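If you're matching them up, the sequences are chains D and F in order.
Okay, so the first sequence: first residue is 8 according to our numbering, each after it adds one.
Okay, so the second sequence: first residue is 28 according to our numbering, each after it adds one.
Keep in mind the hints are simulated off the structure, nothing from the lab.
Just so it is clear, the structure is predicted and the values come from calculations on it, not from any experiment.
From the three backbone atoms N, C-alpha and C, an ideal C-beta is built for every residue, glycine too.
One thing to keep in mind: the hints can contain errors.
[Claimed, not checked] Heads up, incomplete: computed chain D residues facing chain F, CB under 8 Å, no partners named:
{"no.": "1", "residue": "L128"}
{"no.": "2", "residue": "Y139"}
{"no.": "3", "residue": "L146"}
{"no.": "4", "residue": "A149"}
{"no.": "5", "residue": "E174"}
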Amino acid sequence: MKNRVITSIGTIIFSSVLVAGGVNITKDLESIIIKEDNKEIKIERIQDTKNRLTSSFTKTSRECPPYCIQPMNIGKVKTIGELELLKYMKDMQEEDSNMLLIDARTRTWYSEGSIPTAINLPFTMLKKNSKYLKQILKLLGAKEIDGEWNFDKVPTMIIFSNGVWDEQATQSIKRLVEMGCSEDKILYYRGGMQSWNILGLTVK
Amino acid sequence: MLIIRKVAILLLVAGLSSSSANSNLMSGLTDIVDQAEETKTEETKVLNNAFKQRMISQRMARDTLLISTEFKSSLYQKNLKEDADAFNSKFENLINSKKEIEMVVKKLPIFQEKIDKFKKTWLQFHENIEKLNKNGKDKEASNYILNNNIEILEDIDFIFSSFLKFYQSSDKLENSMTHIKTMLFTQVGKPRMYITKAVKERLLIKENINKKENQKNLEDTIQKMDKLMKALKDGDKELELHGTEDRKMLEELAVSQKLWEEVKTIINKKSIGKEELELLIKKNNEFIEAHTKVVKLTRSSNDN
Chain D
8 MKNRVITSIG TIIFSSVLVA GGVNITKDLE SIIIKEDNKE IKIERIQDTK NRLTSSFTKT
68 SRECPPYCIQ PMNIGKVKTI GELELLKYMK DMQEEDSNML LIDARTRTWY SEGSIPTAIN
128 LPFTMLKKNS KYLKQILKLL GAKEIDGEWN FDKVPTMIIF SNGVWDEQAT QSIKRLVEMG
188 CSEDKILYYR GGMQSWNILG LTVK
Chain F
28 MLIIRKVAIL LLVAGLSSSS ANSNLMSGLT DIVDQAEETK TEETKVLNNA FKQRMISQRM
88 ARDTLLISTE FKSSLYQKNL KEDADAFNSK FENLINSKKE IEMVVKKLPI FQEKIDKFKK
148 TWLQFHENIE KLNKNGKDKE ASNYILNNNI EILEDIDFIF SSFLKFYQSS DKLENSMTHI
208 KTMLFTQVGK PRMYITKAVK ERLLIKENIN KKENQKNLED TIQKMDKLMK ALKDGDKELE
268 LHGTEDRKML EELAVSQKLW EEVKTIINKK SIGKEELELL IKKNNEFIEA HTKVVKLTRS
328 SNDN
């Protein structure tokens, strides 16, 4: 069960006038405001219509391997896009939310910018030989019973990495499923940081 | 003018912030990842700035020449001592990283042999630096440094390059991602060494020391430097470099390139007077400083 909290208790919706040509998220949604570390972060798109990316996300041709095109679906894990992710990010702000946004990239990538509220859990740390594996799984709420892991109490995890050409999220997802995590406890934001950046969405 | 509804969703207080359980989970995970990163940083500390050693080996030789020709001897004696101490402490860091060395030796058995050999070579080299520091006119010491600095350069290059290539993570994907960077890391700092080597070779020619051989070496160094500077910008298949389109990187590379052109102009002059010599050393040092920014930028960038 994906713990989606759709009730909008504590949610204020306000309206104002928008000049045509503004860069909105959808025709009805300009931005969302979320809280991270007790600070409000406005997630919106860059308003300058002339803005272009200059970062490494402008690259079209990275060497494959390692940077190969990823499948749309990883097993039965649901793949989501930006609007679904934004909805989940909003839901995650609720008191009884049981969701986690996970940036599966190694630290050098993460430190160049990530999606607000995302937590960095590099895919390498979920590997069999990771000395932190048990600690991480326990923190996530998994229980070890007779050498098997039970993921019933683990929050729903939205996992992403750099985008369609990056295997880091895929590896994390496959590893979690391999360890026994139910596929419906995982969501895959395949567009990752490249899609997020190309849409000019707020980066932390 | 089209007027549309602007909707912003603001999540407020009580119901707004993530549950405390979730906060604990997030801070717990952050702590573990930070801890893992710290260990990683510790493990790779040895490599940080390690490639600067190549440049230092050439700067020590350059400064030895300046000392023996009595060009600002006391200043360069001080610099030489600082460089030798820095070189020594970084090398000690490496040889004390037993666990990491063992990992490399497993994949490259000759590595241990190279380290042992280098320990001896460096010990003698260091002794001669000490001698030159006590007496700037000690010809035997300066000759030793001038005759052996290339061996030091080649050994240290082999040691650190091997370390970077063979000291790997146990994860295949991570290694594969890192490999692309490895070639860049091994090459990006080299211009600091090449420029210092070129200046040293020009000084040797100026002092009539093995003039013919050093002229040939100088031409070779200039050619390699030109090729590498271009490769860092535009890429080069032979050097396995992809080049860059990163604006910041291109800006910093342009600063380095300009300084290199200035150094080259002086180097190519038929004779070099005292003022030009001073300018040459100044530009050489400015290049090292400027190009270190390129190295740092490369380490933190994923534009490759």
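Verification of the supplied hints:
no.	hint	verdict
1	L128	holds (6 Å)
2	Y139	holds (5 Å)
3	L146	holds (5 Å)
4	A149	violated (12 Å)
5	E174	holds (6 Å)
Against the hints set out earlier in the document, a violation occurs for number 4 only.
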